[in-house]
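Undergrad: Sequence:
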Amino acid sequence: MKMSNLFMPTLREVPAEAEIASHQLMLRAGLIRKLASGIYSYLPLGLRSLKKVEQIVREEMDNAGAQELLMSALLPSEAYQASGRWEVFGPSMFKLKDRNDRDFCLGPTHEELFTQAVIDGVRSYKEYPMTLYQIQHKYRDEGRPRFGVIRSREFVMKDAYSFDLDEKGLDESYKKMYSAYCRIFERLGLDFTIVDADSGAMGGSGSQEFMVKSPVGEDGIAYCDACGYAANYEKAECIPQEMPSVEGEFEMEKIHTPNAHTIEELVKFLNAEAYNFAKTIIYKADDKYIAAMVRGDREINEVKLKNLVGCTDDLELAEPFMVRQLTNAEVGFAGPVGLDIPVYADKEVAMMKNFIIGANETDMHYKNVNINKDFTPVTVADIRTIGEGDVCPKCGKPIKSAQGIEVGHIFKLGTKYSDALGLKYLDEDGKSKTVIMGCYGIGVTRCLAAAIEQNNDKDGIIWPVSIAPYQAMVIPVNSKIDEQVQAAEDIYNRLKAQGIEVLLDDRNERAGVKFKDADLIGVPVRIVVGKKCGEGIVEYKERRSSEAVEKTVDEAVNDVIKFINENK
RNA sequence: CGGGAUGUAGCGCAGUUUGGUAGCGCAUCUGGUUUGGGACCAGAGGGCCGCAGGUUCAAAUCCUGUCAUCCCGACCA
Numbered sequence: 000m001k002m003s004n005l006f007m008p009t010l011r012e013v014p015a016e017a018e019i020a021s022h023q024l025m026l027r028a029g030l031i032r033k034l035a036s037g038i039y040s041y042l043p044l045g046l047r048s049l050k051k052v053e054q055i056v057r058e059e060m061d062n063a064g065a066q067e068l069l070m071s072a073l074l075p076s077e078a079y080q081a082s083g084r085w086e087v088f089g090p091s092m093f094k095l096k097d098r099n100d101r102d103f104c105l106g107p108t109h110e111e112l113f114t115q116a117v118i119d120g121v122r123s124y125k126e127y128p129m130t131l132y133q134i135q136h137k138y139r140d141e142g143r144p145r146f147g148v149i150r151s152r153e154f155v156m157k158d159a160y161s162f163d164l165d166e167k168g169l170d171e172s173y174k175k176m177y178s179a180y181c182r183i184f185e186r187l188g189l190d191f192t193i194v195d196a197d198s199g200a201m202g203g204s205g206s207q208e209f210m211v212k213s214p215v216g217e218d219g220i221a222y223c224d225a226c227g228y229a230a231n232y233e234k235a236e237c238i239p240q241e242m243p244s245v246e247g248e249f250e251m252e253k254i255h256t257p258n259a260h261t262i263e264e265l266v267k268f269l270n271a272e273a274y275n276f277a278k279t280i281i282y283k284a285d286d287k288y289i290a291a292m293v294r295g296d297r298e299i300n301e302v303k304l305k306n307l308v309g310c311t312d313d314l315e316l317a318e319p320f321m322v323r324q325l326t327n328a329e330v331g332f333a334g335p336v337g338l339d340i341p342v343y344a345d346k347e348v349a350m351m352k353n354f355i356i357g358a359n360e361t362d363m364h365y366k367n368v369n370i371n372k373d374f375t376p377v378t379v380a381d382i383r384t385i386g387e388g389d390v391c392p393k394c395g396k397p398i399k400s401a402q403g404i405e406v407g408h409i410f411k412l413g414t415k416y417s418d419a420l421g422l423k424y425l426d427e428d429g430k431s432k433t434v435i436m437g438c439y440g441i442g443v444t445r446c447l448a449a450a451i452e453q454n455n456d457k458d459g460i461i462w463p464v465s466i467a468p469y470q471a472m473v474i475p476v477n478s479k480i481d482e483q484v485q486a487a488e489d490i491y492n493r494l495k496a497q498g499i500e501v502l503l504d505d506r507n508e509r510a511g512v513k514f515k516d517a518d519l520i521g522v523p524v525r526i527v528v529g530k531k532c533g534e535g536i537v538e539y540k541e542r543r544s545s546e547a548v549e550k551t552v553d554e555a556v557n558d559v560i561k562f563i564n565e566n567k
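Numbering follows numbering that gives the first Met the number 0, in which position 61 of the first sequence is assigned residue number 60; successive positions increment by one, without gaps.
Hints are computed from structural coordinates only; laboratory data are not their basis. Computed from a predicted structure; not experimentally measured. Hints are not guaranteed to be accurate.
[Said to hold, decoys possible] In silico DSS-like cross-links for lysine-lysine, where the CA-CA straight-line distance does not exceed 25 Å: (1) 415 - 167; (2) 495 - 515; (3) 540 - 479; (4) 175 - 423; (5) 540 - 530; (6) 515 - 1; (7) 550 - 567; (8) 430 - 125; (9) 174 - 393; (10) 396 - 125.
My request is simple: use the sequences and hints to build the entire structure.
TA: So this is what it looks like as structure tokens:
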């Protein structure tokens with residue numbers, strides 16, 4: 000491609016709306032343009048990279064035995080009504096009506112549709128197992144779109160669904176997807192981590208997320224360098240920390256703590272440590288109220304609590320007026336003693352002695368409180384979030400934490416959708432059984448952003464060869480000097496003839512402009528044709544390396560071909 | 001959905017406090033000089049100052065409403 004013909008509107012300045020590197024660079028390099036919040040157009044360079052990601056995903060899915068199909072993005076409401084998700088999705092589903100006032104939506108995900116397709120199309124158990132996938136635009140009306148295409152309202156997703164006769168079959172399908180995903184993310188040049196994820200409300204039996212570690216990631220990861228354990232922060236199991244042993248249990252005593260609503264204020268007021276307290280938080284779980292207790296220096300993990308309580312709909316903090324009603328005190332003085340709702344205590348709370356809690360009376364706390372003596376929780380379980388100072392639940396070494404961008408998720412669904420929609424089969428004994436499903440997603444557009452997030456410097460993008468919009472670039476330094484222009488065009492034609500996707504910067508620009516654009520759009524390798532071209536000498540430079548090397552034309556051309564073939 | 005901020009030329013911004021002809025840099029166009037890391041000189045084009053009301057002789061500026069965008073948090077099936 001000659002750059003004089005390329006639609007590549009690069010920006011010199013950073014658009015004010017973009018905060019993170021990938022978003023800024025995608026806009027500056029002319030990959031995308033915003034149409035509305037969370038909605039983007041892909042310009043030629045962006046689309047080329049996007050298609051390369053799709054192609055890698057497609058090849059590996061096909062290799063794993065999955066079959067591609069394509070469903071509409073515009074969907075009738077019926078299927079979602081059968082599974083109940085027409086309501087469950089709520090405001091995050093884009094809903095619309097046709098001219099006859101019938102309900103439609105823009106598909107946010109396609110479990111129901113794939114299930115229905117299999118119900119409609121599969122006649123015999125002998126056709127299973129089967130894995131189907133599509134690469135399709137998805138629509139979710141996110142409460143808060145952000146970070147460019149990392150959390151957008153329209154995005155490209157590969158979604159796959161496996162259909163098996165039994166659990167053992169599901170395990171195999173799942174494993175195949177797992178290894179396909181590993182190959183995909185390796186080929187995309189992503190440094191990724193696989194973490195255990197929560198399957199909670201979806202009711203599945205297992206779930207893992209593929210995370211690209213990045214400070215701008217929206218998900219927390221707990222991981223252990225020593226044994227390789229890694230889990231989503233929400234999921235990571237917490238090992239109760241031993242407390243200094245204390246002799247005996249004292250008598251509970253009420254103390255005056257004026258205006259000390261928070262642990263921080265209490266620590267200061269009573270000159271104690273945060274771990275001497277247990278905090279009690281009132282939650283509304285569906286339509287019931289419950290109390291949850293963790294040590295003062297810990298955080299409640301709402302996902303764990305939700306799973307423990309068996310809350311199907313929503314778990315949220317109780318409204319302040321209900322807290323006042325239930326505790327007879329201002330918010331900040333809740334405690335388990337005399338509280339008339341179920342109390343769920345964290346394992347660590349059960350190990351504490353003579354600790355301090357709210358007294359259910361404004362400006363009052365109890366000290367020297369002991370579990371099972373002064374109050375009794377309905378359940379003691381792991382309901383806190385892992386944090387600094389915690390240990391790995393597998394090997395006991397200190398746990399580390401990082402932020403990650405979720406680029407893939409694999410999930411053993413079980414029978415949630417096959418039950419809801421009636422996907423059954425008659426086995427060889429003529430017995431009716433339910434098909435067991437798995438679902439597997441990859442955020443294709445998000446992968447692009449993640450790759451840029453991990454591969455950039457102050458000058459621009461540093462594309463991995465596998466997904467670079469173009470693999471190589473030839474730059475004549477001075478477009479007024481025919482000798483350079485000719486030589487550059489020859490090199491360009493030779494590379495093209497070898498199947499290299501190459502750009503020729505034939506624009507009548509100064510050298511600096513061409514170099515800046517080349518770095519910005521991140522082409523992995525370039526040949527610069529300059530002063531020494533009369534002697535047959537040109538410069539070879541890889542984007543990732545800081546120095547250019549002088550070579551003969553033949554060497555440079557061969558090295559580019561070699562570099563591309565070794566890295567693609 | 002709660003909190004915060006911002007809407008002025010394609011992009012980045014000033015001007016708003018104290019009302020009085022719409023500004024700067026980059027980009028664009030023309031002419032010339034340049035040509036190895038975003039050139040220089042001279043000239044030119046481009047704005048319902050987010051939108052709608054109101055106050056005023058006069059509104060980018062003051063008041064009310066509204067929409068949009070971004071950030072923090074909640075949510076993310």
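Undergrad: Look at each hint and say if it fits the structure.
TA: Hints versus structure:
1. 415 - 167: 17 Å, holds
2. 495 - 515: Between residue 495 and residue 515 the Cα gap is close to 23 Å, so the pair holds against 25 Å.
3. 540 - 479: Within the cut-off at roughly 23 Å; holds.
4. 175 - 423: Answer holds: residue 175 to residue 423 is near 23 Å, not above 25 Å.
5. 540 - 530: Distance ~16 Å between residue 540 and residue 530 Cα, so the pair holds.
6. 515 - 1: 17 Å, holds
7. 550 - 567: Holds. Residue 550 to residue 567 sits at ~23 Å (cutoff 25 Å).
8. 430 - 125: OK: residue 430 and residue 125 at ~14 Å, within 25 Å.
9. 174 - 393: 22 Å, holds
10. 396 - 125: 48 Å, violated
Violated hint: 10 only; the structure is consistent with all others.
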